[in-house]
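The primary structure of each chain is shown beneath.
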Amino acid sequence: MRDTRDDFPLLKRRIDGHRLVYLDSAATSLKPQAVIDAVTRFYTHHTANVHRAVHTLAEEATELYEDARRSLARFIHAHENEIVFTRGSTESINLVRHGMPGLRRTLTTTLEHHSNLLPWGYEEQSTVVSVDRNGQFDMQALEAALKQGVDLVAFSHVSNALGTVQPVKELTAKAHAAGALVLLDAAQSVPHMPVNVKDLGVDFMVFSAHKMLGPGGVGALYGKIDLLERMGPWQLGGHIVDGVHLEDYDLQEPPHRFEAGTPAIEAVIGWGAAVEYLSDLGMSQVRTHDLELVAYALQQLAKMPSITLLGPTDPERRCGSVSFHVKGLEAHGVARMLSNRSNILVRSGFHCAQPLHESLGLLPSVRASFYIYNTREDIDALCEALKAIVTFL
Amino acid sequence: MPAVAHLTHSRFWPLYRGMRRFEHLSLDEQRAVQWLHFADLLRHAVEHVPLHKQHFADAGLTPDNIQSFDDLPRVPITTKAQIQRQFPDGVTASNSDKANWQYVSTRGTANRLMAIHDFAKRDAVRATAVRASHLSGDYRLGKVSAEIPPNICNIVCGDEGQELEGVLPHVWTMVKNKKFRDRQSISDLRGLIERGWIFRRRTYPPFGGQGTHIPDDRLDDYVARLRRDRPTILKALPTYLLQIARHVQRKNLPPLPVHAVKPMGSSVSPKMRTLIETSFTGHYREDYGSAEFGDMACDCPQRDGLHVFMDLFVIEVVKDNKPVPPGTLGKVLITDLTNRAMPMIRYEIGDVGRFAPEPCTCGRASPRVYIEGRLQDTVIDDEGNAYTNDMLMDYFYDQPGVDDFQLIEKRPRRFELLVVPTPGGQLDLESLTRRVAEFLGRSAQVQCFTAKSIRPEESGKFRFVKSCTFDRLG
Ligand SMILES: Cc1ncc(COP(=O)(O)O)c(C=O)c1O
Ligand SMILES: [Zn+2]
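Those sequence lines, one after another, are chains U and G. Note that the numbering used here gives residue 318 to position 318 of the first sequence, counting from 1, and the numbers run on in steps of one. Whatever position you read off the second sequence (first residue = 1), add 1000 for the numbering used here.
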C-alpha cells in the first residue's frame, strides 16, 4: 500500500513541537483531505436538501447523496436499495430491533460492544453466550441455544476490545441451519478488510462512517432486500411515504422508508469520498497493511515482560488493534503518561465492553489501534515510551 | 488503637509524635528545620533528578548558590507541563528504590498531575492526615469520619478501586487466591485496615452526574447516614455540604451531629460557612491538601487562615516569580520536603492565595496562608484587579434569589452567568445582570441565564468560575 500519511492534515499538527502518534482509530479514524474537500465542496457549491425539490441545487445534492449510497453498496457487494443511512452502527442495530417483526428470541455474546449488547441482551428470551480470553465463542452454549430456537444471532465481525476476528461464514451457516437470522456488527471490520455481504451470507450488517475515514454522525444498515421489505419504519416523518391521506399513508420502498427527515447529507457525501479513497487504495492492501502492523505490535510488545497482551496471539486471527495490561500500572495512568510524554494517543478503559472485562476478570486495559496512516515507527514510538515507563516499575 | 495502627506501618507513631512536637517550636526554630530539609532536598534533587539537574544547569546555578530562603527566587519554578512531559523517568530520583513506589492519581482526567510516593512519603502523608484532622477538627484515631468524594466516571474509565471492599472479604480473597506475599494485595489490605478500622472512614456515594441539585429523597439519605454515623469529621465537596445544609434549613430539621465540617478541594464563602454551622452541630473547619502532596496546612481554633506545616512543605506566594508581601494575592508555589522519590520544588500548583500579615493569636508559630481558589478560576479586569473564586462566591451567594451560579468568561470581559434561582425566591435577572456587570469592573459585558442545576466537570468536581484572563496575574 502506498504511504498515505501526507493525505491526513491532522498528522501535521505538532503539540509542544512534537508529532502526534494517533493510535486510537478504533474509536474514530482521522480524515483525509479528500473527505474534507468533499464536504467543503458540498457546502460551497451544492448546499440544498435532498429528495424535496426540482431546482438545480436540490437535484445536484440528491445525485451526490445517492451516488454515495451506490459507492457504499458496491464497497460491500450489496445492492443500493439494501443500504439504509442511519446515524451510525448503534442506530442501525436499534432500527433492526424495532423495525423487524418476530425477533423474540435473540442471541448475542459477552464480547459485544455495548451498542450490540444493550438492544438484545436484556430481554426475557435473550441468550448471552460467553467467550474465552481469545474472544472465541463458547460453541457448546451457542449450539445448545440454537437448538432451543433463536430468531436472531447478533455478533461482531471484529471485537473492538480484543481485536478477535470471528469466522463469520461458519457462524452464519450454523445460525441459518437453525433457522436464525444473523446481524453482523461490522463497525471494526469494514474499515480494515474486504467485506462481501453476499459471500458472508449475513442478513443484516451495520457499520459507521467515522471509523472508516468518513464524517461523524452517519452510518448504515445493510439488509437483504426481502427482509427490509418486511420491516416497518421506526421513525415516522418526511420522505418515508409515497402518499399521505387523512385516513392512511403508503410507505416508500426500502431504503427510503427508513430515512425519515432530512439526513446528514454532507456527512453521507463525505463518506462516499472516503469509500472512493479506500477503494483506490485497495481493501486487500489495507488489510495487508493492518496485518503487518498488528503482527509487528504483538511481536514488539511481547518482548516486554511487564506487558500482558490480551486476545489471540496469531495476528491472522486479529484485526486493527492490540490491547494490553501493564504490570503495576492502571490503564489510565499508562494512557495519560503516553499522551503527556510523547503525544501517543491510545485508549484506556473497558472500551465499551464492560461485561467482557468483568466476565473474564480483566481490569481496564490499554488499547492501541491502527489504520492506514500508521507505520512501524508509530509502534516503535509506543514501545519506546512504554519501555521508559515500565523500566520504572 | 496504636496496636492496630502498628499492623499497618511501624513508622507512623514516631512520625506523628515528631510532628506534634514540631508544632510547639518557635517560628525561628521551625524555619531553621525547614531550611535544613530544603537545602538537603535541593542537593538531592539536583544530583539525582534529570529535570532539576537540567533546571539548575540552564540557570547556571549549583545548590551551593542557594544560601538561605532569601535566595529562593533564584531556584527555577517547576510547572505541571514540565513534569508531565518527563514523568516518570525524568522527574524521579535515580537513586530511589523503585520497589517502594506507589503511583498517585493515575485515574482522573488527562490534566491531573500524576505523582510517585515512596514509603517515607506515604507514611508522612498518613501521619499528616491525622495531624490535620486532629488540629483542625479534634479528630482522634478510632473515631468515625465520613467522606463524600466527587463523582468519578467508572463507565468509560472502569473502576479500579478497592474502596467498596471490606477488610475481611479482602483477606478472604487473598486466602482463596493464595496471595499472601503479593505486594499489591498486602498494600491494598493495609489501606483497607487503615480506612475501615483505624480511620473508621465511611465513604458515602457522590451526588452523581446531574449536578448540584438532587432530589430531596437523596438528600434525606445523607441526613440519615450522618445521624446514624455521627462522624467527628465530615469531608465533602463544598457544593455537597451546601446542598445538605440548605436541605436541613428548608425542612426545618435539627442540626446534623457532625463535630467538624470540612470542604474538599476548595473553600466556601463566609455566608455559606454560617449556613453550614447552623445546619450542623459543629464548626466549619479547613485544611489545604491534595493527593500528590497530602495535607500541607490546616486551620486552628481561630479559623482564620491555614497554618503551614513547615516541617513538610515550603509554601510561597509569588507574582512574576517574585515573592509578594503578606496580604497580597499571588500564585502559590509548593516545595514538598518529604518526597525524595519525586522531588517537587517550587511547583506551580495552580492555586492563588495570600499570606496573613500578622501572627496568629492561637499560639501556633507557623505563618497562615489563605487559599482563594484556582488560578484558572480567577478573573482579572483591565486594571489588573483580581476577582478570586472565593471573592466571587461571596458576592454571588449574597445576591437575593441566587441559589447557585456559574460565571464563565467566554472572551476577555465577556461573561455568561448561569443562575440557579432559589426555590420560591425572587430573582430579578435584569437587575442582577446590571449589578454583576458593575461589580466586575469597567468594560464587563454580562449575559444572564437560569438553570436548574450546575453540572460537574469531567473530573467530578465543580467549577463556579471559569476565567480566560487569569494569565494576566503574572
Ligand atoms: C464493535 C463496535 N460496534 C459498534 C460500535 C458503535 O458505533 P457507533 O458509535 O458509530 O454507533 C463501535 C464503536 O466503537 C464498535 O467498535
Ligand atoms: Zn492559629
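The reader is advised that the hints may include incorrect statements.
Claimed, not checked - EDC-like, lysine to aspartate or glutamate: derived pairs with alpha carbons at most 20 Å apart: (1) U:387 / G:1089; (2) U:387 / G:1029; (3) G:1080 / U:16; (4) G:1319 / G:1277; (5) G:1322 / G:1348; (6) G:1452 / G:1471; (7) U:327 / G:1089; (8) G:1176 / G:1188; (9) G:1452 / G:1304; (10) G:1271 / G:1304; (11) G:1053 / G:1348; (12) U:198 / U:358; (13) G:1251 / G:1220; (14) U:224 / U:80; (15) G:1452 / G:1398; (16) G:1176 / U:358; (17) U:327 / G:1188; (18) U:303 / U:384; (19) U:327 / G:1071; (20) G:1080 / G:1348; (21) G:1053 / G:1029.
To be verified - Restraint ranges, calculated between C-beta atoms of paired labels, are given here: (22) G:1014 / U:10: 31 to 41 Å; (23) U:247 / G:1445: 15 to 25 Å; (24) U:15 / G:1120: 54 to 64 Å; (25) U:14 / G:1210: 37 to 47 Å; (26) U:10 / G:1032: 26 to 36 Å; (27) G:1094 / U:16: 17 to 27 Å; (28) U:10 / G:1450: 56 to 66 Å; (29) U:134 / G:1098: 32 to 42 Å; (30) G:1474 / U:380: 41 to 51 Å; (31) G:1167 / U:363: 14 to 24 Å.
If you are wondering where the hints come from, they were derived from the structure by calculation, not from laboratory data. Cβ coordinates follow ideal geometry from the N, Cα and C atoms, glycine included.
*Among all the numbered hints in the text so far, which are the ones the structure does not match?*
2, 4, 6, 9, 12, 19, 21, 22, 23, 24, 26 and 28
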